[in-house]
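**Q** Residue-level listing of the chains:
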Amino acid sequence: MLNVQKIREDFPILNQKIHDKPLAYLDNGSTSQKPKVVIDAITNYYNWYNSNIHRGIHTLSEKATEAYENVRKIVADFIKAPDPEEIIFTRNATEAVNLVAYAWGRKNISTGDEILLTEMEHHSNLIPWQILAKEKKAVLRFIPITQNFTLDLDKIEDLITSKTKLVAVTQMSNVLGTINPVKKIAGLAHKAKALFLIDGAQGVPHSGIDVANVNCDFLAFTAHKMLGPTGVGVLYGKKKLLEEMDPFIAGGSMILEVWQDRATWNKVPYKYEAGTPNIADVIAFGEAIKYLQNIGMENVRNHEKELTAYALKKLCETEDLTIYGPKNPELQGGIISFNFSAKGGSDSVGIDIHPHDVGTIVDQEGVAIRAGHHCCQPLMRKLGIPGTARASFYIYNTKEEIDQLTFALGKVKEVFARL
Amino acid sequence: MLNVQKIREDFPILNQKIHDKPLAYLDNGSTSQKPKVVIDAITNYYNWYNSNIHRGIHTLSEKATEAYENVRKIVADFIKAPDPEEIIFTRNATEAVNLVAYAWGRKNISTGDEILLTEMEHHSNLIPWQILAKEKKAVLRFIPITQNFTLDLDKIEDLITSKTKLVAVTQMSNVLGTINPVKKIAGLAHKAKALFLIDGAQGVPHSGIDVANVNCDFLAFTAHKMLGPTGVGVLYGKKKLLEEMDPFIAGGSMILEVWQDRATWNKVPYKYEAGTPNIADVIAFGEAIKYLQNIGMENVRNHEKELTAYALKKLCETEDLTIYGPKNPELQGGIISFNFSAKGGSDSVGIDIHPHDVGTIVDQEGVAIRAGHHCCQPLMRKLGIPGTARASFYIYNTKEEIDQLTFALGKVKEVFARL
Amino acid sequence: MSAIEDLYREIILDHYSSPRNRGELPAPALKIEGANPLCGDELVLYIEEKDGQIKQVKINTKGCSISQASASLMTEAIVGKKIEEIQKIIENFKDMMLKDGSFTPTVDLGDLEVLEGVKKYPVRIKCALLAWNTLIEGLKALQNHKKPEPVVME
Amino acid sequence: MSAIEDLYREIILDHYSSPRNRGELPAPALKIEGANPLCGDELVLYIEEKDGQIKQVKINTKGCSISQASASLMTEAIVGKKIEEIQKIIENFKDMMLKDGSFTPTVDLGDLEVLEGVKKYPVRIKCALLAWNTLIEGLKALQNHKKPEPVVME
Ligand SMILES: Cc1ncc(COP(=O)(O)O)c(C=O)c1O
Ligand SMILES: Cc1ncc(COP(=O)(O)O)c(C=O)c1O
Chain A
723 MLNVQKIRED FPILNQKIHD KPLAYLDNGS TSQKPKVVID AITNYYNWYN SNIHRGIHTL
783 SEKATEAYEN VRKIVADFIK APDPEEIIFT RNATEAVNLV AYAWGRKNIS TGDEILLTEM
843 EHHSNLIPWQ ILAKEKKAVL RFIPITQNFT LDLDKIEDLI TSKTKLVAVT QMSNVLGTIN
903 PVKKIAGLAH KAKALFLIDG AQGVPHSGID VANVNCDFLA FTAHKMLGPT GVGVLYGKKK
963 LLEEMDPFIA GGSMILEVWQ DRATWNKVPY KYEAGTPNIA DVIAFGEAIK YLQNIGMENV
1023 RNHEKELTAY ALKKLCETED LTIYGPKNPE LQGGIISFNF SAKGGSDSVG IDIHPHDVGT
1083 IVDQEGVAIR AGHHCCQPLM RKLGIPGTAR ASFYIYNTKE EIDQLTFALG KVKEVFARL
Chain B
723 MLNVQKIRED FPILNQKIHD KPLAYLDNGS TSQKPKVVID AITNYYNWYN SNIHRGIHTL
783 SEKATEAYEN VRKIVADFIK APDPEEIIFT RNATEAVNLV AYAWGRKNIS TGDEILLTEM
843 EHHSNLIPWQ ILAKEKKAVL RFIPITQNFT LDLDKIEDLI TSKTKLVAVT QMSNVLGTIN
903 PVKKIAGLAH KAKALFLIDG AQGVPHSGID VANVNCDFLA FTAHKMLGPT GVGVLYGKKK
963 LLEEMDPFIA GGSMILEVWQ DRATWNKVPY KYEAGTPNIA DVIAFGEAIK YLQNIGMENV
1023 RNHEKELTAY ALKKLCETED LTIYGPKNPE LQGGIISFNF SAKGGSDSVG IDIHPHDVGT
1083 IVDQEGVAIR AGHHCCQPLM RKLGIPGTAR ASFYIYNTKE EIDQLTFALG KVKEVFARL
Chain C
85 MSAIEDLYRE IILDHYSSPR NRGELPAPAL KIEGANPLCG DELVLYIEEK DGQIKQVKIN
145 TKGCSISQAS ASLMTEAIVG KKIEEIQKII ENFKDMMLKD GSFTPTVDLG DLEVLEGVKK
205 YPVRIKCALL AWNTLIEGLK ALQNHKKPEP VVME
Chain D
85 MSAIEDLYRE IILDHYSSPR NRGELPAPAL KIEGANPLCG DELVLYIEEK DGQIKQVKIN
145 TKGCSISQAS ASLMTEAIVG KKIEEIQKII ENFKDMMLKD GSFTPTVDLG DLEVLEGVKK
205 YPVRIKCALL AWNTLIEGLK ALQNHKKPEP VVME
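Chains as they are written, first to last, in the working numbering: chain A, 723 to 1141; chain B, 723 to 1141; chain C, 85 to 238; chain D, 85 to 238.
Don't read these hints as lab results, they were simulated from the structure.
Note that this is a predicted model, so its numbers are computed, not measured.
Virtual Cβ for every residue (Gly too), placed ideally from N, Cα, C.
Among the clues, some could well be false.
Said to hold, decoys possible - EDC-like, lysine to aspartate or glutamate: derived pairs with alpha carbons at most 20 Å apart:
no., chain 1, residue 1, chain 2, residue 2
1, A, Lys-1135, C, Asp-90
2, B, Lys-961, B, Asp-799
3, B, Lys-962, C, Glu-238
4, C, Lys-203, B, Glu-788
5, A, Lys-1104, B, Asp-983
6, A, Lys-743, C, Glu-89
7, B, Lys-859, A, Asp-983
8, C, Lys-204, C, Glu-89
To be verified - For the chain B half of the interface with chain D, some residues (derived, Cβ under 10 Å), not all of them:
no., residue
9, His-741
10, His-1076
11, Gly-1081
12, Asp-1085
13, His-1095
14, Pro-1108
Bound-form chain A, shown alone (with noise of 0.2 Å):
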């Protein structure tokens, strides 16, 4: 098991105060906290080799440019791609969706093709196919969730027809935490000669990913919730599809050869990597990833499965209180996402109490959840809900942590028990 007592030192940012109480960081889905590696990874960078790549010849410049490439390499690693050259550093996972989107969906969707999506996909991985689908004519599925909050597998091979081009699932919900059976689907998909992407922005950080077993086309996730810094997103496309594909944002670094009237492409992965990229956190996040390989994401997987045991027992033992998700430490991640009633509230929303009044109250009592539609519009349509208040965890949480959000969550009752 983790040392997390250990681990916390790393986290300077979690050993302080909020409203006078001690801070417990249980917004992890949002953005997760950085070791003091990673920090001092971007500080030695400025103060030692900071310098532009790929294009100087001088001895900074060559440091620098080692060490990004050679996250390329760490990052492959991480997720077992083959080759480094299909990682692809963008600013965000969103940034990598709407690469595909533009570079491989303008080119392979038309009129009357289908892509599947997934009732519980955050608009990061929805949007970018409804501006394709518009522009091309084309239509956007969704496979269902069950009662449950798991996908309804047996929809799915009713719904991936031969007008399906791709499939686009994220590896774990953000709201319901819900673990989805990629390895399977990606099957299914290509069974169908679809595509199969990845949204593993969730996935990725908490359960690590073996993208050549699980054999997606495309995974896109993102540094900041996996221990990174802000701005870097990744990439991982399988070679022959990245080279088949047309550049998406175009300037200095991914050409060969320009004329004033055209010009030709650099190899993937400079290609899609277009003007200077963010040097300094692209490195910083390999000390990220090493951080993590180093605990073992096995166990980083088993401590979220322990936290997520004891919050899902002590959120059920709260009175009126609704969690959305599978309520099984096997089937979901360390998201636990909850809607609070009490007596004689409106019950106008569908709920009794409304999800920002539950996260400005346990804020008070220094504990940090989100609340609000966690960018799954859609999905709250389907739960009838205007949002829900979200706990998700990381290596450095504790049993003690949960019980003050318990604590904290007593407070809200307190409060709304004045009525």
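Could you slot chains B, C and D with the ligands onto chain A? The hints should help.
**A** What follows is chains B, C and D with the ligands alone, placed relative to chain A:
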């Protein structure tokens, strides 16, 4: 004048040896170094209030949101934009230009329309327009350069016609150092009812800009060339234009209401900032601008004028050296491109010592310059050379460093004198 | 009083649990929608005006306690009042919610003053403002004799 | 010897200033182009083969001293040799330039060994490799009796 010695204390990286020689960092055209306040802003963010923005209602999220949004005001103030909501954060200048090419261009450019560029544009302000022109069957035209390496203003009036929909010009050439009369060109563009975009990647860091006075419609620039971190660019656009344009990258945060099949867009600037932005680096960029404002952009420009005058004198004294640029500190920023010839070399490339050989040898003397085509291949083709060696200055550079450069150039001659 | 009690005053909770003037009005009363999509708050406001006076107000709201209570308190504050008076109340209310520093009203805001506690929670201010921004647009529409556009806050 | 003199050995400068086997060969000799567009290095290589032996080689190059010297040295190293021998030279040369650690050739590389100094300048290695990568593709084209594609290095 600047107190350069004091400024240098703020840049720890400058105080190091390269190949046992003191580093003379003269590659500021590629990227600038960062003062301690900028690096500290990043560390401080991650150590105290790292959190996702616009989404949480807990304390850390509020702090992060406020700090991030405050930089919009700082940037607006710096470039004299009337409204902070006209400031969009991108990854770099390249992405900012692409944003316009996609979101404005796809909607407003059609068959036969013309886009007017210059012969000295960086690939980042060329390739996006090539791709757009190809897609829309539009035509690119180019303002030529004179013998004096300045824009041939006499030709502009013929080149701007009723077909011209956009004029896109660099504020300062990253090869020649030439400072272009953007205000004048803005007037000519607007007279023809064309929009005017400025690539301020080089100009803004060294002379600042007043967008209200210049009256440009769009301005793209990049933080890493102006003391800021990598991973942040800016697109300024006039509010009305930004409101009319379609979104570019789509996903979380840029929406208002989302259904499975459609969505409505958030207001400007959020409409163009999908997904988690580069929060830490945007905040640090605010410190970079404040640092520049403290110095005063006029002082920055004057210091560079002095260095440029000195360097031009020294380089002109150096035998066999060709300088590509106005050779006049009033007309050029702190960028000097040159090629070096020596007896006996092969003349098959039109020059005698290849810039890469120059770069490698001066690096051994601790001098960091850039050698190559500087992402301006069409300009190189026009000049009939494969590339140049380029020295470029910033606030922390000294005349001694220029002496170090000329000394190192002596070494280049020595090496090749053995021919 | 703890900060949180200052926000969730009893009067706010009371308006949240028993909202006043809930319901609809038939045409020709003005009907206008407002939404805060990022929060999920929504409302429909009905105003019946005669001779520059607001005769009746009804509102249907969905959302957090602050947005609902603010809407309910607003209906009480404006019903029966002349539009000029209402404009002053709106002005004062917005100043109270948005201006830095301490605030002295130029009209009697009555129970509305309990909403000042929201000021300490910047992200919640727009919850309190939704009904008011909708009202502002509604009054404009009345003045211009136009069909009002829905109000969408970011 | 200083590091820079180790890179710019006299023999390299000599081949740079007086490139060997410069020129063209008429058809049916094989013609293949190579480029390193990011550096601006370009070359055209001509090979005349008969019975598995390289009879003549000519090359026209543009670029830095390292790329030009490497091309010139290469022509000297392969002219008159059997293709199998050349394959061994290529293998050894690439090992010398790309493998970490110290290197012991399995064939006599002759003057080519002066290019080992480039190894300390990672960004310059591709300058030294351009001619060789072009040669590799040229030999493949000869073997497969195909028209060769230009070689473009990144
Ligand atoms: C004139 C000019 N435009 C655009 C750019 C592109 O900037 P970035 O690489 O930050 O996108 C640069 C710098 O490389 C430049 O010098
Ligand atoms: C499932 C999922 N997909 C995509 C994203 C988008 O990630 P980013 O904001 O880093 O682009 C998120 C996080 O917000 C997410 O939870």
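**Q** Each hint should be assessed against the structure and marked as holding or not.
**A** Verification of the hints:
1. For the hint linking Lys-1135/A to Asp-90/C, the alpha-carbon distance of about 16 Å falls within 20 Å, and the restraint holds.
2. Straight-line distance between C-alpha atoms of Lys-961/B and Asp-799/B comes to about 15 Å, which keeps the hinted pair within the 20 Å bound.
3. Note on Lys-962/B and Glu-238/C: the hinted pairing holds, with a Cα-Cα distance of about 18 Å set against a maximum of 20 Å.
4. As the CA atoms of Lys-203/C and Glu-788/B are separated by approximately 15 Å, the hinted pair is consistent with the 20 Å bound.
5. With a C-alpha separation of about 14 Å, the suggested pair Lys-1104/A and Asp-983/B falls inside the 20 Å cut-off, and the hint holds.
6. Between Lys-743/A and Glu-89/C the alpha-carbon distance is near 17 Å, which keeps this suggested pair within the 20 Å criterion.
7. The straight-line distance between the Cα atoms of Lys-859/B and Asp-983/A is roughly 12 Å, inside the 20 Å bound, and the hint therefore holds.
8. As the CA atoms of Lys-204/C and Glu-89/C are separated by approximately 12 Å, the hinted pair is consistent with the 20 Å bound.
9. Residue-level restraint check for His-741/B holds (minimum Cβ-Cβ distance to chain D is 7 Å; threshold 10 Å).
10. Satisfaction of the interface hint for His-1076/B is found here, the shortest Cβ-Cβ separation to chain D being roughly 4 Å, below the 10 Å cut-off.
11. Interface hint at Gly-1081/B: satisfied, since its Cβ lies 9 Å from the closest Cβ of chain D, which is below the 10 Å cut-off.
12. Residue-level restraint check for Asp-1085/B holds (minimum Cβ-Cβ distance to chain D is 9 Å; threshold 10 Å).
13. Checking His-1095/B against chain D: minimum C-beta separation of about 6 Å stays under 10 Å; hint holds.
14. For Pro-1108/B, the interface hint holds, the least distance from its beta-carbon to any beta-carbon of chain D being 3 Å, beneath 10 Å.
Checked against the numbered hints above, the structure breaks none of them.
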